[in-house]
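Asker: Sequence:
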Amino acid sequence: MEKKYNVLVVDDEPEVLAILVALIQATGEEYNVIPAANAFEALKILHQTPIAFAFLDQNMAELSGLELLEHIRQRYQDVQVVIVTGQPSYSLVLSAWRHQAADFLSKPVGLKELQNVLVKLKIEKTVQTPNLTLRHQRCEKELMQGGHGQIGKLTREQRILCEILTSLAEVGQTDELYTKILQMALDLTNGTLAYFLLVDQDHRHLEPIASLGTGDLNPSLLKASRQVVQHQTSVFIKRQKNGDLSQEIERIGLAVPFRVRGELFGVLVVSHNPERNFDADDVLMLNLLAERASLIIENTALYESAVLKHYETLRALVNSLEARDPYSCQHSERVTQIALRFAQELSLPQEDLDAIRIAGLLHDIGKVGIRDAILLKPGKLNQEEQSIIRTHPLVGERIVEPLALLTPEKDIILHHHERWDGQGYPSQLAGKEIPFLSRILALADAYDAITSDRPYRGHRDQKAALTEILANAGSQFDPELTRPFVKIIETPPVSFQASNLLPHPPALRQNIGKLGKSVS
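Using the working numbering, the letters of the sequence shown correspond one by one to residues 4 to 523.
Honestly, I wouldn't trust all of these hints.
[Stated by the list, open to error] Below 30 Å or equal to it, Euclidean Cα-Cα: the simulated DSSO-like pairs (lysine-lysine) are:
| no. | residue 1 | residue 2 |
| --- | --- | --- |
| 1 | 183 | 413 |
| 2 | 466 | 490 |
| 3 | 226 | 183 |
| 4 | 241 | 123 |
| 5 | 110 | 226 |
| 6 | 241 | 183 |
| 7 | 7 | 183 |
| 8 | 125 | 110 |
[Unchecked claim] Pairwise CB distance ranges, derived in the manner of DEER restraints:
| no. | residue 1 | residue 2 | range |
| --- | --- | --- | --- |
| 9 | 320 | 182 | 28 to 38 Å |
| 10 | 195 | 236 | 48 to 58 Å |
| 11 | 222 | 291 | 23 to 33 Å |
| 12 | 79 | 123 | 16 to 26 Å |
If you are wondering where the hints come from, they were derived from the structure by calculation, not from laboratory data. A virtual CB, placed ideally from N, CA and C, is assigned to each residue, including glycine.
Kindly produce the complete structure, drawing on both the sequences and the hints.
Answerer: Written out as structure tokens, the structure reads:
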């Protein structure tokens with residue numbers, strides 16, 4: 004069979020290069036695969052040989068895949084480029100898109116996934132204008148002139164895609180991603196209602212997890228979603244115009260599959276008012292959206308899953324720490340509950356409440372390395388022992404580093420033992436140098452410590468604890484926070500329900516529970 008396409012494969016790891024070359028050769032005899040061991044060898048080949056498709060490894064020593072892509076775009080506009088990486092990220096996907104990469108593959112590359120990409124590249128090659136730069140210039144000119152032709156429409160949609168990828172790069176949790184994706188689906192199709200449904204592992208159940216627009220998930224939309232699951236392809240939602248069987252059939256909706264690593268993961272459903280029909284362009288754009296967004300959903304879910312697992316490991320460490328010390332049993336839960344209640348009364352924003360919920364439960368994690376002889380000592384600590392105890396905020400900060408906590412969360416763990424007068428630890432911060440949420444947790448921590456039994460003393464009642472806290476306003480505690488804190492604790496009496504404390508923001512736990520096996 005004649006070799007129709009010259010395919011350049013660039014990777015500086017010989018074994019990986021050989022595998023990808025063999026995979027492409029296995030997909031068909033029409034590909035003449037040319038390997039290159041580095042970016043400079045690739046540029047030499049590009050100068051000597053007309054290349055149709057190029058697969059570039061991102062992490063190469065001399066030039067990265069994206070840097071090589073920039074060079075290719077300057078001189079070889081017709082080459083369809085695919086970026087290949089073992090470490091996909093939002094910013095990498097976005098950069099590849101902005102540099103006109105045709106596609107993006109994650110290692111290890113599967114044969115089926117590779118076949119799909121090659122089919123897509125061939126289709127795009129057949130409709131590709133010879134000079135991409137000229138094509139973009141024409142698009143810009145038509146848009147400036149208010150043109151409504153096919154090129155103008157395509158460029159408008161490409162810009163929407165670029166905008167959504169830019170915003171997706173800034174999204175932190177999967178529930179926000181779904182909302183962004185639904186908004187883009189409505190923008191691309193002029194739809195009025197969009198739903199995202201998750202598919203369970205057995206493909207027997209569809210669960211709506213996000214919606215946007217006006218209207219309900221009616222039986223016809225659900226039926227189309229089930230057909231997507233059954234046939235693994237896009238499905239139009241149809242009805243007879245005006246209910247008259249003699250009239251033409253209207254396409255009032257569209258359902259497209261979302262795949263993660265080649266497996267069906269969810270269904271995107273879009274519908275609109277009957278003023279216009281869905282067409283092949285809508286199918287193309289929604290499938291492109293599904294393809295691009297699925298990668299970002301996968302990356303987000305994998306990241307959140309890893310963070311959650313690490314977080315739960317640290318929570319288990321805290322539980323084991325408190326199990327060693329009967330005097331501090333459920334201390335972190337109580338402190339977090341008190342601090343949350345105070346923060347809610349102060350009308351702090353949700354992000355502050357989440358920071359307290361996350362970091363409050365871990366604020367004493369640094370004590371896990373302290374010997375029982377010091378931690379459980381029934382008498383007064385000597386100077387050396389006090390110095391060891393005072394290291395626990397710094398140790399805690401290092402322990403939670405893999406969680407990539409936000410600054411307010413790290414501040415709570417690091418600075419909850421600072422004093423208003425600057426005599427605290429570990430940084431001797433004073434006054435408003437102390438982060439605001441750390442000042443809140445310091446009050447909650449002190450209150451629980453005073454009202455709990457300790458090896459060296461019994462607990463004190465609420466009145467005595469609040470009297471002591473008031474006495475230390477302006478020295479140990481923020482004077483502006485102390486009185487409102489006391490007032491909140493006094494009425495009504497505090498009731499602790501540790502079960503109400505989630506070990507991570509609800510949205511994260513909810514989505515990881517649904518995504519877990521799909522992306523593992």
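Asker: So, for every hint listed, does it hold in this structure?
Answerer: Hint-by-hint comparison with the structure:
A threshold of 30 Å between alpha carbons decides the hint, and for residue 183 with residue 413 the separation of about 29 Å falls inside it, so the pair holds. Taken as a hint, the residue 466 and residue 490 pair is honoured in the structure, with Cα atoms around 11 Å apart against an allowance of 30 Å. The straight-line distance between the Cα atoms of residue 226 and residue 183 is roughly 24 Å, inside the 30 Å bound, and the hint therefore holds. With a CA separation close to 28 Å, the supplied pair residue 241 and residue 123 stays within the 30 Å bound.
Distance hint between residue 110 and residue 226 is unfulfilled; the C-alpha atoms sit about 35 Å from each other, more than 30 Å. With a C-alpha separation of about 26 Å, the suggested pairing of residue 241 with residue 183 holds against the 30 Å cut-off. For the suggested pair residue 7 and residue 183, the alpha carbons sit about 40 Å apart, so the restraint of at most 30 Å is broken. As the CA atoms of residue 125 and residue 110 are separated by approximately 22 Å, the hinted pair is consistent with the 30 Å bound.
A beta carbon spacing of about 35 Å between residue 320 and residue 182 agrees with the range 28 to 38 Å that was offered as a hint. Between residue 195 and residue 236 the beta carbon distance is about 24 Å. The supplied range of 48 to 58 Å is therefore violated. In this structure the hint that residue 222 and residue 291 lie 23 to 33 Å apart at CB holds, the actual value being about 28 Å. About 19 Å separates the C-beta atoms of residue 79 and residue 123, a value consistent with the hinted range of 16 to 26 Å.
The structure fails hints 5, 7 and 10 (numbered hints given earlier, in ascending order).
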